[in-house]
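Student: Take the given structure of chain A and dock chain B to it, following the hints.
If you read the sequences in order, they're chains A and B.
Per our numbering, the very first residue in the first sequence carries number 1; after that it's consecutive.
Per our numbering, the very first residue in the second sequence carries number 1; after that it's consecutive.
Hints listed in this document are in silico derivations from the structure and should not be mistaken for laboratory results.
Remember, predicted model here, so these are calculated numbers, not experimental data.
This list has only true hints and no planted wrong ones.
Partial list, derived from the structure: chain A residues whose beta carbon lies under 7 angstroms from chain B:
{"#": "1", "residue": "18"}
{"#": "2", "residue": "63"}
{"#": "3", "residue": "64"}
{"#": "4", "residue": "67"}
{"#": "5", "residue": "110"}
{"#": "6", "residue": "160"}
Over 10 angstroms on every C-beta distance to chain B, these chain A residues come out as not near it, computed from the model:
{"#": "7", "residue": "8"}
{"#": "8", "residue": "55"}
{"#": "9", "residue": "58"}
{"#": "10", "residue": "90"}
{"#": "11", "residue": "105"}
Straight-line Cα separation of at most 27 angstroms, BS3-like style, residue types lysine-lysine; simulated pairs:
{"#": "12", "chain 1": "A", "residue 1": "80", "chain 2": "A", "residue 2": "19"}
{"#": "13", "chain 1": "A", "residue 1": "68", "chain 2": "B", "residue 2": "2"}
{"#": "14", "chain 1": "A", "residue 1": "31", "chain 2": "B", "residue 2": "80"}
{"#": "15", "chain 1": "A", "residue 1": "55", "chain 2": "A", "residue 2": "155"}
The C-beta atom is built at its ideal place from N, Cα and C for all residues, glycine as well.
Okay, here's what each chain looks like letter by letter:
Number of protein chains: 2
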Amino acid sequence: MKPWKLLDTEYLVNAPWLKVAKEKCELPNGKVIDDFYTLWQPDWVLILARTKEGKWIMTEQYRHGTGKIALEFPAGIIDKNETAEQAALRELQEECAYGFPQSLTYLGAYPVNPDRHRGKFHVVFIDGVVRAGKTSFDESEDIESLEMSDEELRKKMLDGTFSHPLQMAGYFKWVLSQK
Amino acid sequence: MKPWKLLDTEYLVNAPWLKVAKEKCELPNGKVIDDFYTLWQPDWVLILARTKEGKWIMTEQYRHGTGKIALEFPAGIIDKNETAEQAALRELQEECAYGFPQSLTYLGAYPVNPDRHRGKFHVVFIDGVVRAGKTSFDESEDIESLEMSDEELRKKMLDGTFSHPLQMAGYFKWVLSQK
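Okay, chain A solo, but in the shape it has when bound (with noise of 0.2 angstroms):
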């Protein structure tokens, strides 16, 4: 099993948000695809951030892919310059007020989707924050924090209220490393 031959590469999008690309691609069994299209979006931070007292610290939020309000993590895209973990602490005190961490933890990195996407996320756990200063949302942004037990969120995984299947992943990823 062989990777794909790249022959060609036109973008039919190259916005700061997201790049869209047409690839010419020769398969190792001589066949070539014309139009393969691939995507790109800024790679951004999964923030697993958890109280002194135990609690996952959550958003709610207007996402305007699924036109939903819509129950997660905090999340952020990782500026220049920045490091996965500087993002996550820079958002989390951006988008909910939170800081002071015990510690945090670099759970690893995935691709945002193999079959054509070439954009990735990273997971970081941040344990024993504390409420600390305010937020700050950019012009698009109006976000609502809350507390949630371990239990309640799995509950809330289990019946659909929490649906992004990007932050599951990342949050099955902790549970993993926690056995």
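Tutor: This is chain B only, laid out in the frame that chain A set:
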């Protein structure tokens, strides 16, 4: 917290496998975003299939998004006039040559990515299958099948050998549903 108002849509890519739209949106605070990009890919089904002996049926194939050979569950696009369950049984036969299940359970659907993606995937658990018939690949497919114990699968999810986050979320939904 309210949804955004859609003012205008312009399609930048309108292919059978991918649609990319530039949407002009008005936010609840009055701010107008001229270029919020949204994506659409056809709905697909994740197939969590177990043999009579309790082994997961897994695949290995090249993924051009990541440019790597990937260990994954079988999965496939749902054809027109087909349910997720029907697609799961068809793809399990075509990709891996297993059939004759003892039971089939629909576990739910997820948005591929709530941020700017309009497509979704379904999760189907097919238990007690046996090897049957032959595989039948598309011209661009080259797929190896293998069987794996649940313990080994979790090890590979922890060490990153298995790294498809959407599939990991579907598997975790199954884990939660077993309790």
